[in-house]
Every structure is written in C-alpha cells, then in structure tokens.
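Chain residues, written in single-letter form:
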Amino acid sequence: MCNKFFYSVTITQKMGGCSSQSCHRCFFEYETERMIVVKSKVVGSVFRLIQFLILFYVIGYACVVQKSYQETDSVISSVTTKVKGTGFTNTSDLGARVWDVADYNIPPQGESSFFVLTNMIVTPNQTQSTCPELPNQSTICMSDSDCLEGSNDVRGNGIQTGLCMNYSETVKTCEVLSWCPLEIDINLPEHALLVAAEDFTVLIKNSVTYPKFNFHKRNILPDVNSSYLKQCKFNRKTDPDCPIFRLKDMVSEAEEDFQTMAIRGGVLGIMIDWSCDLDWPEHYCGPKYSFRRLDNKIPENNVAPGYNFRFAKYYKTTDGRETRTLIKAYGIRFDVIVFGTAGKFNMVPTIVNVGAALTFLSLVNAVCNWFLLTCTKKRDYYSKHKFTYLDNTDDNAGEPLGETTYGTR
Amino acid sequence: MCNKFFYSVTITQKMGGCSSQSCHRCFFEYETERMIVVKSKVVGSVFRLIQFLILFYVIGYACVVQKSYQETDSVISSVTTKVKGTGFTNTSDLGARVWDVADYNIPPQGESSFFVLTNMIVTPNQTQSTCPELPNQSTICMSDSDCLEGSNDVRGNGIQTGLCMNYSETVKTCEVLSWCPLEIDINLPEHALLVAAEDFTVLIKNSVTYPKFNFHKRNILPDVNSSYLKQCKFNRKTDPDCPIFRLKDMVSEAEEDFQTMAIRGGVLGIMIDWSCDLDWPEHYCGPKYSFRRLDNKIPENNVAPGYNFRFAKYYKTTDGRETRTLIKAYGIRFDVIVFGTAGKFNMVPTIVNVGAALTFLSLVNAVCNWFLLTCTKKRDYYSKHKFTYLDNTDDNAGEPLGETTYGTR
Amino acid sequence: MCNKFFYSVTITQKMGGCSSQSCHRCFFEYETERMIVVKSKVVGSVFRLIQFLILFYVIGYACVVQKSYQETDSVISSVTTKVKGTGFTNTSDLGARVWDVADYNIPPQGESSFFVLTNMIVTPNQTQSTCPELPNQSTICMSDSDCLEGSNDVRGNGIQTGLCMNYSETVKTCEVLSWCPLEIDINLPEHALLVAAEDFTVLIKNSVTYPKFNFHKRNILPDVNSSYLKQCKFNRKTDPDCPIFRLKDMVSEAEEDFQTMAIRGGVLGIMIDWSCDLDWPEHYCGPKYSFRRLDNKIPENNVAPGYNFRFAKYYKTTDGRETRTLIKAYGIRFDVIVFGTAGKFNMVPTIVNVGAALTFLSLVNAVCNWFLLTCTKKRDYYSKHKFTYLDNTDDNAGEPLGETTYGTR
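Chains as they are written, first to last, in the working numbering: chain Z, 271 to 679; chain D, 271 to 679; chain U, 271 to 679.
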C-alpha cells in the first residue's frame, strides 16, 4: 500500500522538476529557489521569533514534556497476594471464635482480587424444608387462596407451596419450599464483627513485563533484603518500597474510615502504576502505589450498597440429610489493578513528531510574507521584486520577457 | 536524543541561509522566494482544487471522523456482580430441592466472571476405595494379566490395582483405586435441570477510570434513582440504562437459545464498551452493552463442547472416613469484559496530524508545476521565466549575469 | 478545536499569497517560485543521495519494518481451561489416596488462572480450643506473667489467654485460643507429594476479539479436527497448533525443573501472543505460545518463596461441633496471559507518517544550499543569482530595480 503510494509521489516530483528533459541530465542538475533578501529589523525579528517558538514547542513540549519521541507499550502483569492476621469474635450464634486466614480470606488462592470478611449474618442448620416466607407486600396472606402453588418470585426465597402459615403471632405469609430457617438479613451488626481486620497485613507480589522492550521487573526491588521484608510495613514516606500493606493504612489513604467501611463492605482499588521511561536506567522504573474506593458510597441511587455475597458450608447429618450454614459475608474486596505505559526512544515516532513540527516552520514564511507585503511601508517595492506577473492574455509565448513586466501590473 | 537532533537541524538551516555572513546581520535579514504569478484559470483551478481536497481531508476525515487530534487512554475497570433468583429441581438422586444463589453461583464472590449452574451430574457418597474402571478400549480386560498394577492413564479415573473385575454382567474391566463409585457422565439430562435459571437476574456494578484524564464513572448513572433500580430490567429500547439483566435476555441478544445452551453450558461475554470522547460533557460518556457467545458451538473440532467443570463437597462420616459428593457442573459462565478508549484534545497529536497533512500542501506545487510546464500551451514561456540556467562549464564566476541567460538554454 | 485552528491557517496563507488583491482574481492566479538550475554533478549527486536516503527510510523502515501505516487495536480475550489426570499419594496422615481434578484443581471453574496442588501440609481435626503457641522469640515464656491476655500478634496464630503452658518437655509458650492443634509448617515434604502432576494435561480454549476490526478467532484453529484434538499434545516442533499442554513440558519450556518447582510452588505464565497483521489473510493470524516463570525464585530477598495458600474443609461432628482440616497447599499457579496488537492499513497513520517523512525532503534543500554556497568554487557566482538584496535604507520604494542590484552587495 505504502510503497505504491510513495512511488507515485516521487514520480510526480520528478516530473514536476524535470519536465521534458532526459532523466540523466535531470539527475545531475540541482534546482534552488531564487530569493530576495530583505534587510528589515522588524520582519527579521518577527521571522526569528516565530521560528524560535516552533523550535521551543518541539524541544520543550513535544520532546521534554510529552516524550513524543518514544514508542510505547502496555504492561502485562501477574499478582500474588498473601493476607496475615487473626481475629476474634464473640457472638450469641457462634460463641467465642478465632478467625484465621483460611476462615476470612475468600477465595483463598491469593489472586489479584481478594476479599477480607469483616461482618456477617450467619444462618446455621438450614435444611431443605418448608417455612413461611419473610413478610413483605407480596408474601403476606390471609388464607391459602392468596398463595399460588409453584410460584417463584425472583426476589423471593423459594417455591410457594400454596399454604398460608403463621410467620409470627400477628402476621401470616405464604409457605415456601426452601433452605429453612430463612436468613433474616435485617439485623446486620452495627459494629463490624471482625474489628481486628484493620491490623491484618497483605503481602503483594507483582511482576510486570513490557513484551515489546523485553523488560521484566518485580515490585520487590532488588536492593531490598530479606530481613527488612520480614518486619517492614508500607508507609508512603518512610517505607515506600515495602510490599506489605496494613489494611487500615490502605483504606485511610483512600480517605475512608476502615470501621465504617467494614460494616457494609466495599471495594478498594490498590492501583499500581508502572509508567516508566525506559531511556533511563532500569532502577528508575518502580511501582507507584495509590488507593481508591471503587464502589459507590453515595446514598442516592444505592441498590445493594457496600459489598456482600452469600456462601454456604455444607454438612451431612448422621442420617445422611444435608444441612448447611449460610453466611452472608460483608467485607472489603481488594482489587489489585496494575497499569502503566512504558516509553522508549524509537526512530519512527521521533521522525513523525519532529517532521510534523518542522512543517510549521514553512508556515512561518506565509505569516512573514503577509506581514512584509501588507504591513510594511515599502510593501509595493518588496512586492515588485518578489512577484513577476505573467499575463495569460499576452501571446508572446517563447519570447524572453525583461524584468520590466513589473511595470505592467 | 531529540534535542541534539534538533540542534543540528537548526544549525544546518542557519548556515544554508546565512552562508559566510555574520550572525548578527543574518538575524535581521528576511529571505523570501521570488515568485512568478501565472494568470491561468485552468492551473489556478487545479491548484485550488487540490488544496481544497487536502484541507477537506484534514478537517473532514482526520479531525471529524478519526478524531486524530486527540490523545487516547485505555480504560481501567472494576466489576461487581450479584445474581438473584431461586430454582427448583426434582430428580431421583436428590429429590425435591430448591436452589438458591449460594448453591448455583460459583464462585460466590460476585467477580467479573460468574457461573450459573444449569445442569449437572451428581455422584453422591464417593469414598476412597476400589472399583472397576469405566469400560473403554484400554480398560476392558479378560484376566488380571491384562491390567498393570500402578498404571495411571491421564484419561482414566485412578490407579490400577492389577485386578480384572466384573463391571457388568457382560463386561470385565481393570480395577482402580479411586473415588468410588465412579461418575458415569454419559447420562447428561437432556433438558437442563435448573429450568428457572432463565429468569434469574444479575446486577452488574462497574466503575471505570481513565487515569490519564483523571476521569471516573460508574454504570449506575447519576440520574438514575433508587426506586427505579429496585424494579427495572435492562431492555435495549425501553430501559437502556438499567444495570440489572435477565439471564435469558442476555443470551437472546447473543442470538442463542437459553434452554439449548443450558444443557451443555457455554461462555457468554457481556461486553461493556466505554469508548468516549471526553471533549464533550461527561454525561455523554456512558456504557454500551453488547452480548456475544465466546465458546465454540460449531460441532466440528469440538473437544469438550460447552462449558463444565467438576467440584466436590466433602463430608466426614461418624467413623471419621471422608466421603464426597462429586458434581459435574454444566452451566453458563458470564464474563464481563470492559473495554474502551477515551480521547481528549491534546496539542501533540493535533500538531502531528495537522503538520503531516500540511506537508501534502507543498506537494500540490509539484503537481501544478508539472501541469504548468508540460500541459499548457505556453509551457516554454513559463519555463523560461521560472528557471534560470547556470552553466557549470561557464567560468565567469563572480561576474553578474543578466536575465539574458534565458536565451542560452 | 481543529477546525478553528485550520481555518486561521488557510486564511493566513491566502493573505500571504494574495495580499490586497480581490479574492476572485486570487483564485485564478497560480504562484510558483523562480528557480536557478545549477548543472553540477557534485551538488546534484548529494541532493539525489539524501533524497534517496529519506525515501529509503520511509519505504524500508517506517513502512516495511515498523508498519507505521497501520492503525492498531488491543486484544480482548476469554479463556477456559480444563485439567485432566489423576495422582496417587501415600502419607502417614492420609493413607493411600487418589487425587482427581476435583481434589487438586483450585478453583475448579477452569478460569484463566488455575492452580494445581503438588505438595501440602495437612492438619486434620482442628477445633476451636486452646493450645500452646508455636515457640519463637515472642511466644516463649517462663510464667503466666510473660503472657498478655487478649494480645493478638499479626504473625501469631490466635488470641493469647494469658496462661503459660508446656509446648514440649523443655519449652513453655503462651497459650492461645485458636484452631487447635496448630499447623506445624516446618516439615514440608522434601519431595513433592503429587509426583504424577507432571503428566497432567490442560486444555486451553482461548477466543480473542479485536473490536475495532470486528475480528474474532479461537486458538482451536478451523483446520484442526476432532480426532486429532482427542490425542494430541502441544509440541513446538511437531504439534504447534495443539491446545492441549502437558504440565511438565510447559515448565521445561520456561527453563525450570518441574519436580523442584513442585516442592515449594510457583507461578508460571502461559503467554499467548496474538499479534497480527490483518492486512494479510485471516489464517496467518494465529496464537504464539510461550512460557515464563513469573515468581521470584532467586534466594535473596525472598519472603514467602514459591507459591502457597491455606484453605480448610469444614465438618461437623455428631454433637454439632465444627472441625476442619486445614491444608497449606503448595503448587503451581498457571496464569494464562493473552496479549497482542493487531494492525490494519488506515489512511490517518499512513498520511501522518508519510507526511512527516516528506517534510525531511525539504530539509535536503537546506543542506544542499549550504553546500552550494559555501563549499563549491563558484559559490559567489551562485550566490549572486540566488539572492537579490533589497536594501532597507534605500528609499526608492516603488521604483523598479534592475537585476544590477546584485552588484550593490
């Protein structure tokens, strides 16, 4: 595509330049414009000033600020996380209980997105059986005729059996086949159960690759030693290279309160920025951490505020029936988001950018010519020397014309 | 790199322009080309036409259509999903049973990729023991000598014990140490068990960031209120902003049949396109949803068609032995794929693109010169005025030459 | 933005060209530079040589090598994996035991990141109770006064009860409330338990999309048939298109030893490169596989070397108490990383790159002029014809000047 295009461009140029002469002669001829030189401080200054501005733009802005002489590549990354810490809860449902990482970290594999349980509604000993639905506008009933056997509401908890049962002493609701007893999720503890979660720490291991530049690096920098890593904690000022983060510190950096967020849960982004200028030595290229809350905490248009999900542990009783403990888990999901663009000097973008900027140098002439021929006192004098008017109606084709054609204007 | 390059370019230009004169004089001189002006309607029209075409390209195509004056950035995104709905199955293995989100949604965490169980093969009460292998070419045996103790086929179900046992009344197969009884996965139900899954809904919460432009937005738009969100369902025409999707609607938009897909499973992509022109006000930038089946449904070259995986629930009997229920789960995995590029006006790409297009304006001259000097009647007349031939063999260097050199051609 | 900018550029050009004449006349006039033609083999050769170099760059480097005439798009991908194989272990804790995919593959869903268990520390029958801490500097005690009730170390295993208990016959440590007995993770088996894991295979199904070009493709190529897929194994030389990979082969390609890596675990990247030139027919665009270890295996600065995580299976005893089996799982996490950029011919980048390169053609003139006017013998002769000096102090404005002004220099 490109080749063809280019071929025709050069053909055109040659033909424009050599017209009907033979190509051999053409090759050893050099054409250059005839110029007039105007000695004018004003025009000269304007000309140099604009030239300077364009050069200043190219050097200052395009090269230094925007680094537009660089080829870029996007980061490819792999993340491993490991949470540490134990918490203690004492509730009526569960009694005194210690929570370790196998209990509160879901999923356990240490992927780039991990969840720390901070609050929960536990519904133990559920079995497949029937029980009255939770009361709401569509489930409250007076008699069996208000309930439709087999009906299955997307927002309900099971399949209606067609019976109307006592939910409490005052309220009757339709009976459903479901995991009973049903979860009552109104009584969310007002203080997060796993208070100690704020002191948990997470080790984030992140290795990145820029495939175009064959560049590999990890967030555990080579000058960091083992003993330091065993006891350090990330701190933007004192320990900016430590890859171990205290959960509360991360939430604070996102300008949130840990204990408030822990009640209803939320999603916290751990952003690792690997933007690098690879024209500099490799050790200048390091991770920059930042933290931002990703879910909506604003109370308007708030369906399912915070972050929670339900999961179950399944058991079998001695007679072979299945029971389960349903847990509605509230907590903070940490999403490690790695991004960045690396740039490195490359001929193509350099030539593209410098070339494009140089084009504007030729515009300077247009501006200065306009200035010279309209704004200066001697504009007619300049104009006469610059332009030679050839009259199309004059039929003396082939006859040499003196410079006096100026006068015919 | 750039600086050095540029320095030498400017040096070169100065020297070409000022030759041996002092720099001070040079600074206040302005050079401009001497031109001939041809009054020709044909050439003039051609010239303006080509100029117009180039300007038209720059304005019309590069700027309006391709927005090449914009700097671009790729989206960074975080997704939370929440499935709702209950289903009912009645099979000989499990009896009447209600399925809620904790049962059919795997993994439960509500990540960007979630799975809804629609069909399954359940093998309850497996224990670590020995049983005859499923019959196939390599496992059918006549006597113990056909079975190799300790052999372990990658496509088999366990470690051979070296015995040949009755699999059925007519077939003998090698015995294996495995989770027994073995799963027989030929009897996949012909109708998806969890028929009701098509009415399940999923709420997708998606927040995006364009880090270069410091732009943040969510798919729950600010003008959508809470009460609307509690009862809306996505519909491309009537409710395009509702982030709650009915599973069947999504599958239909991908031009698939839900109940057919539910039998063997599959992968459905929920593509959210956040491509935005950030030169416009922020509220014009919104998510565009589309749906596409991502796995291969074409029957040719079909290993493991559909989408399924095996998982187990582990139990302990009263005497401490471990048993498990193995489930081969068929269902639809929904992958929320967020993509997009945002563009915003930036000086560098503007200058690069405009500059490059302007270069072509100078090509117009080449074309018109060629036209003027070869195709017009008075080409010799024009040529004489345009070109002044300096003969290299002429030794009168330093002597002023009159315009009569024209005649020596 | 662009439009306005451009408008002013064209205005400027028109005014520079037409000065005070009426626009109508201007439209049908064509201006072209007056040139001198120098017949010089040296200058001509230099001129043509530099022109050739620039054209060579544009065609050879920018177009052929860098394909800078192409518009690019980043890949969007969906991955499904399925592991096959069974392993056998015989340990004092668990006895003889067969492991199938539901046991060792975590999570089971077949996502782009999957984990194969190869080694483990099993701590069965843990219950919520009290036991002495593992001995280390901060937990060893002489009497109860050394232990602080309620203290909770982030690196400890539970909440201290304030008592000092016999850990062994010689060592006393503070008692903690925790899942007891505690896991002793020093005794990691020196040979990976699941030796057979090296023969497991994984089927990787990967479908990619380039949304800008509406291009979709899968890594199971259309010319591959079902029977081949049932028995093939990926081999870079003999079976480069087979999407079924033996685990050991992948680890070997990453220049690691499977059995060494299996002991402490690790992370292996399966990189699928979909970089494509879409100007060629579709079937030239295929996946290129490569493998690289992603975690740090260098012993320096090695916190938590390898890759492991803890998870638990929960049981209930007949009296309703919860017990669990804690498993510290070591193994290899395989991360399927899909990347790539597709390019396709597009007008905008072509014009930008060709235009920018053409700009440099005009620089050739600057170089040749400098050469002509400083390095040739007849430089004064050339200079006189090229430049017409207009003296600013000369007041004869409006009076025609003959070419003899040359002599006034």
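What the hints contain is simulated information worked out from the structure, not anything from laboratory work. Even for Gly, the Cβ is constructed at its ideal location relative to N, Cα and C. A couple of the hints might just be wrong.
Chain U regions said to be covered by chain D (calculated; three or more residues, Cβ under 8 angstroms) [stated by the list, open to error]:
1. 526 to 534
2. 618 to 630
Simulated coverage check for chain D against chain U, where a stretch passes if three residues somewhere in it have a Cβ under 8 angstroms from a Cβ of chain U [unchecked claim]:
3. 327 to 336
4. 346 to 358
5. 376 to 390
6. 413 to 426
7. 475 to 489
8. 547 to 558
Quick rundown of the hints versus the structure:
Using a Cβ-Cβ cut-off of 8 angstroms, 0 residues of the segment 526 to 534 of chain U lie near chain D, which falls short of the minimum of three, so the contact claim is violated. Interface restraint, the segment 618 to 630 of chain U with chain D: holds (9 residues with C-beta to C-beta distance below 8 angstroms; minimum three). Judged by the Cβ-Cβ criterion of 8 angstroms, the segment 327 to 336 of chain D is covered by chain U as claimed, because 7 of its residues qualify and three suffice. Counting residues of the segment 346 to 358 of chain D whose beta carbon lies closer than 8 angstroms to any beta carbon of chain U gives 0, which falls short of the minimum of three for the stated coverage.
With 4 residues having a beta carbon nearer than 8 angstroms to a beta carbon of chain U, the segment 376 to 390 of chain D meets the requirement of three or more and the stated coverage holds. Only when three residues or more bring their CB closer than 8 angstroms to a CB of chain U does the claim for the segment 413 to 426 of chain D stand; here the count is 4, and the claim holds. Counting residues of the segment 475 to 489 of chain D whose CB falls under 8 angstroms from any CB of chain U gives 0; the rule of at least 3 is not met. Chain U is given as covering the segment 547 to 558 of chain D, and this is violated because 1 residues of the stretch bring a CB closer than 8 angstroms to a CB of that chain, at least three being needed.
The earlier numbered hints that this structure contradicts are 1, 4, 7, 8.
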